[in-house]
Amino acid sequence: MVYGISIDSQYTQAAWYNHLELKNIQLLADFWPHGKVASDYGVFRSNDGISERVNILIDEEGKIKYTKLYDLGTLPDINEILDQIKG
4 MVYGISIDSQ YTQAAWYNHL ELKNIQLLAD FWPHGKVASD YGVFRSNDGI
54 SERVNILIDE EGKIKYTKLY DLGTLPDINE ILDQIKG
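FYI, in our numbering the residues of the sequence shown are 4 to 90.
Bear in mind the hints are in silico, worked out from the structure with no lab data behind them. Model, not experiment: these values are computed from the prediction. Where is the CB? At the ideal position from N, CA and C, for every residue including glycine. Be aware that a few hints might be false.
Said to hold, decoys possible - Below, in silico cross-link-like pairs of lysine to any residue (SDA-like), each with a Cα-Cα straight-line distance of 20 Å or less: (1) Lys71 - Ile84; (2) Lys71 - Arg56; (3) Lys71 - Trp35; (4) Lys89 - Leu75; (5) Lys26 - Asp51; (6) Lys39 - Leu72; (7) Lys66 - Lys89; (8) Lys68 - Arg56; (9) Lys68 - Val46; (10) Lys26 - Ile81; (11) Lys89 - Met4; (12) Lys26 - Ile84; (13) Lys26 - Val46; (14) Lys39 - Ile61; (15) Lys26 - Pro79; (16) Lys66 - Ile88; (17) Lys26 - Phe47; (18) Lys26 - Ile8; (19) Lys26 - Lys39; (20) Lys26 - Ile88; (21) Lys89 - Asn27; (22) Lys39 - Asn50; (23) Lys39 - Asp51.
Claimed, not checked - Quick list of simulated restraints, FRET-style, between CB atoms: (24) Lys39 - Thr70: 31 to 41 Å; (25) Ser49 - Lys26: 13 to 23 Å; (26) Asn50 - Asp86: 26 to 36 Å; (27) Lys39 - Leu72: 12 to 22 Å; (28) Met4 - Asn50: 11 to 21 Å.
Could you put together the complete structure from these sequences and hints?
Next up, the structure:
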């Protein structure tokens, strides 16, 4: 299963999910406590109150297998993660 995590509320995520017509991705909200999961992975920008744009692939044992950091204005490429899962 592929999960997307953002610090946005569930309502914001739902609008984004529908707009991008995402399929086979479960979105999880890291809204409260604000950015806790992002902080745990070192990608929360506390001064800005946002997280980095990043793809992180974590295996079943909780080990990070792949990461890619994107510029803030860039939408992370879900196909890159799907290719990593397949490959």
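Hints and how they fare:
1. Lys71 - Ile84: 9 Å, holds
2. Lys71 - Arg56: Roughly 9 Å between the alpha carbons, so the hint for Lys71 and Arg56 holds.
3. Lys71 - Trp35: Violated. Lys71 to Trp35 sits at ~25 Å, over the 20 Å cutoff.
4. Lys89 - Leu75: Given pair Lys89, Leu75 is violated - Cα atoms ~27 Å apart, limit 20 Å.
5. Lys26 - Asp51: 30 Å, violated
6. Lys39 - Leu72: 18 Å, holds
7. Lys66 - Lys89: Answer holds: Lys66 to Lys89 is near 17 Å, not above 20 Å.
8. Lys68 - Arg56: 17 Å, holds
9. Lys68 - Val46: Holds: Lys68 and Val46 sit about 16 Å apart, inside 20 Å.
10. Lys26 - Ile81: 11 Å, holds
11. Lys89 - Met4: Given pair Lys89, Met4 holds - Cα atoms ~12 Å apart, limit 20 Å.
12. Lys26 - Ile84: 14 Å, holds
13. Lys26 - Val46: Judged against 20 Å, a Cα distance of about 25 Å means the pair is violated.
14. Lys39 - Ile61: 17 Å, holds
15. Lys26 - Pro79: 15 Å, holds
16. Lys66 - Ile88: Measuring from Cα to Cα gives roughly 14 Å; hence the hint holds.
17. Lys26 - Phe47: 26 Å, violated
18. Lys26 - Ile8: Between Lys26 and Ile8 the Cα gap is close to 15 Å, so the pair holds against 20 Å.
19. Lys26 - Lys39: Cα-Cα ~26 Å, so violated.
20. Lys26 - Ile88: Roughly 16 Å separates the two Cα atoms, so the pair holds.
21. Lys89 - Asn27: 15 Å, holds
22. Lys39 - Asn50: Holds. Lys39 to Asn50 sits at ~14 Å (cutoff 20 Å).
23. Lys39 - Asp51: 14 Å, holds
24. Lys39 - Thr70: 31 to 41 Å: Violated, since Lys39 and Thr70 (Cβ atoms, about 19 Å apart) do not stay within the stated range.
25. Ser49 - Lys26: 13 to 23 Å: 33 Å, violated
26. Asn50 - Asp86: 26 to 36 Å: Cβ of Asn50 to Cβ of Asp86: about 33 Å, so the range 26 to 36 Å holds.
27. Lys39 - Leu72: 12 to 22 Å: 20 Å, holds
28. Met4 - Asn50: 11 to 21 Å: Roughly 33 Å apart at Cβ, these two residues miss the hinted range, so it is violated.
Violated hints, listed in ascending order, are 3, 4, 5, 13, 17, 19, 24, 25, 28; each of the other numbered hints is respected by the structure.
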